[in-house]
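Asker: Residue numbers (my numbering), protein chains in the order written: chain A, 667 to 860; chain B, 667 to 860.
Treat the hints loosely; a few may be bogus.
The list cannot tell twin chains apart, which means a pair is met if one copy fits it or any two copies do.
Simulated crosslink set (BS3-like; lysine-lysine; CA at most 27 angstroms straight-line) [stated by the list, open to error]:
no.	residue 1	residue 2
1	K781	K828
2	K689	K781
3	K781	K682
4	K682	K828
None of these hints come from the bench; they were simulated from the model. Note that the structure is a prediction, hence the values are computed from the model and not measured.
Protein chains: 2
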Amino acid sequence: MNYPKKFNDLIQAFQKLPGVGAKTAERYAYTMLDWDPETLNDFLDAMNHMKTGIQRCKICGNLSSGEKCSICADPDRNRNMICVVESPKDIAAIESMQEYNGVYHVLNGTINMKKGILPDQLNIQSLLDRINEETQEVILATDPTMDGETTALYIEKLLKDKVKITRLAYGIPIGGHLDYTDSLTLLRAFQGRK
Amino acid sequence: MNYPKKFNDLIQAFQKLPGVGAKTAERYAYTMLDWDPETLNDFLDAMNHMKTGIQRCKICGNLSSGEKCSICADPDRNRNMICVVESPKDIAAIESMQEYNGVYHVLNGTINMKKGILPDQLNIQSLLDRINEETQEVILATDPTMDGETTALYIEKLLKDKVKITRLAYGIPIGGHLDYTDSLTLLRAFQGRK
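Starting from the given sequences, assemble the full structure and let the hints guide the process.
Answerer: Right, here's the structure in full:
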């Protein structure tokens, strides 16, 4: 395209975002062009804060604006329960349930031999370091995928003699239909029947 | 959501882009989090150049990195023909055809009474000012929409005594099918038969 270099750079930058192709990136770039200076400044400020404004909690690895995330800093949280998740996104999902009052530990990924992600690249050591006499339960809430299961099994092996370990229940989702449920989920639902 | 404020700001900033909702914005924000510092810097640089690096050509209103756009600065361009378009996007489309060698004039929108966009908010005056004895032809290449037609008619009225005015041909697109063509396009194809 015959655009000025800076505009082409902008279009290419947008294409680094997931699922954004050339046409969408062009549309985003044109939208930015049409913004008034105030909107543009707000947008750029929010982007630029990425560099310094968002950190990882030193304790659990959750997103945080300081050394400790809002959950680890909350004195009302029950530190005897640690829920282990893959990503801060999962924390947001569990928090929206408004039921769990323990703390979290973010692994920041899953073990994946194919992609070369080994246990020592995840926040597993810091989880082991956190566990002490106070810890009553570790809930493994990784995704029920191949990688999530592998990771959960690995952590279970490391911790099973030290602390009580639980997994989330798997089964048919509420509102789901038997005939639309995949066979693995159905198998889990049968195995887990009460 | 229970995210740090800066991260929420980022998610909200992304939602200003067209067609981006909360989930997509969250996905973009997480993608940015995972970038290495170099990728992040490149991205932020491209964004920040929006403020200063991209200007409008003083002559035609096209996107430009300086006072004049690459087309207006090109001495090989035929200045006797001016193609009037709605947006710089249209220039990119016409240029990709590699056939037109004249110059352009970007209106930066169309007349739209409903949205309160009147002729004096568009680059119409600067078009009138550009036209001189040298100008042989003005090609009105606005979109064949209600607004585009209105704008073309308005400009035609202003210029018809001064210069030769042409419009793009309307009809069935190459590869199109008669039975899938809307009746207005078909009507234009019949009226324009040769």
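Asker: A separate judgement is required for each hint: does it hold in the structure or not?
Answerer: Okay, the hints, checked on the actual structure:
1. Taking the shortest alpha-carbon separations for K781 and K828, neither the intra-copy value of 30 angstroms nor the inter-copy value of 68 angstroms comes in at or below 27 angstroms.
2. Taking CA atoms no more than 27 angstroms apart as the test, K689 paired with K781 passes between copies only; the shortest distance there is 26 angstroms, against 30 angstroms inside one copy.
3. In this homomeric assembly, K781 and K682 come within 27 angstroms of each other (Cα to Cα) only inside a single copy, at 20 angstroms, whereas the closest approach across copies is 34 angstroms.
4. Taking the shortest Cα distances, K682 and K828 never come within 27 angstroms of each other, neither inside one copy (43 angstroms) nor across copies (49 angstroms).
When each numbered hint is compared with the structure, violations occur for hints 1, 4.
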